[in-house]
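Protein chains: 2
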Amino acid sequence: MRGIAYGVGVGPGDPELMTLKAVKLIRENDVIALPGREPKETVAYRIAAAVVPELADKELVPVYMPMVKDRALIDLEHRKAAKLIEDYLDQGKNVVYLTLGDSTVYCTFSYIQHHLEADGYASALVPGITSFCAAASRLNVPLCEWDEQLHIVPAVHRLDKVLNEPGNYVLMKSASQMAAVKRMLRDSGRDVMMVENCSMADEKVYHSVDEIPDDAGYFSLIIAKERHD
Amino acid sequence: MRGIAYGVGVGPGDPELMTLKAVKLIRENDVIALPGREPKETVAYRIAAAVVPELADKELVPVYMPMVKDRALIDLEHRKAAKLIEDYLDQGKNVVYLTLGDSTVYCTFSYIQHHLEADGYASALVPGITSFCAAASRLNVPLCEWDEQLHIVPAVHRLDKVLNEPGNYVLMKSASQMAAVKRMLRDSGRDVMMVENCSMADEKVYHSVDEIPDDAGYFSLIIAKERHD
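Which chain is which? The protein sequence lines are A and B, in order.
Residue numbers for the first sequence follow my numbering, so the first one is 1 and each next one is one higher.
Residue numbers for the second sequence follow my numbering, so the first one is 1 and each next one is one higher.
Honestly, the hints are just simulated from the structure, not real lab data.
Just to be clear, a hint being listed does not mean it is correct.
Given that identical chains are not distinguished, each listed pair holds provided it fits within a single copy or across any two copies.
Using 20 Å as the maximum straight-line C-alpha spacing, the simulated EDC-like pairs for lysine to aspartate or glutamate come out as follows [as the list claims (entries may be wrong)]:
# : residue 1 : residue 2
1 : K173      : D214
2 : K161      : E226
3 : K69       : D147
4 : K173      : D147
5 : K173      : E145
6 : K161      : E148
7 : K161      : D147
All of these numbers come straight from a predicted model, not from anything done at the bench.
So here's chain A without its partners, still in its complex pose (with noise of 0.2 Å):
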């Protein structure tokens, strides 16, 4: 019998952020899939590794997946990594893919499971902490009350298009622009807080627009939220 393909979060640095079901599957099984050409340098190992060391004992599968433009590219890239997974499923092995943060929300596990699902083999998902959720934590700040929509934006691509509606924004991956993302924010005359690196040991917190450097890491997530005064 085939074995199933996990796609599993690991929540976003601390280790105590992980599941019991995390746990679970690393614990239970020998296959072990990480996103990076070298398994024991990502951060999703060594998150795990924090709470279950056997892990480097397990065998470990790198998933590396370069970050490329051209998408025809991307494509064949996903499905090289789809038949490296296959490959333990065939062996009615199941493989537990870890990925930072949540398995639903922005993850690579994603474009691996379109071409598992279309192979005919099986996947399932765990989800995770994400990490808007952990960051409002250390902000020690709500996302969101009341009737407030929440609004994820991944990387603002057209400027003139976010902070528009009403509700409250989380801007990631928005270091490569952050000057003139910073302009937007002032102008939106919302509350601005940032966490750089959230849950890592280099974490940075910062209160307003004006605390944030032109030239921010690539884990830096923007909570912007209406004021109600």
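Chain A is already provided as a structure; the job is to place chain B on it using the hints.
Relative to the frame of chain A, chain B by itself:
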């Protein structure tokens, strides 16, 4: 020294979706607040007690906040809840307030936390698995991929104001006007899925608008995704 009030998400229902941190905080503290008149009858209690059975012998504080419309009356109830918790904090005890799902997304603790802060008490949040991540996992689909935005809408008040933005939508608590919501979803041309009572014993899954009953329950969560073909 005063204690700290923790707002702790216990996830959507499956006890295995609790975080290690939530379990640890429940184990290590003696005063546990639960949102309801009868602590042991709350959903949050049942989830936590499945993993930490000794919860039954701890000091369980019922924090009952009736669902009323009058904002002044609601505020009065939140103040009363805050005072109840502050009495324990003044005795140097921490209070762990357990909440279904996550503690930063439409969480009752947020309202209490505002009062605690105004009164000068320390509080902290521990994130949990959100209902929408759990629902997507259950449906085995990503909530968002690539550069798709994700919009969380707590309850549909103005039907003409939602589903108009690019990206994917999560509609929560739409049950009270489901017939109208279904019409709107059908008109939107989106792929629609719904999970009722996600990860509970009476969970139900729907894969199209037509399958969704007009009398769906309060804990119904709809995912409406853009079509890209």
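Those earlier numbered hints the structure runs against, lowest number first:
none
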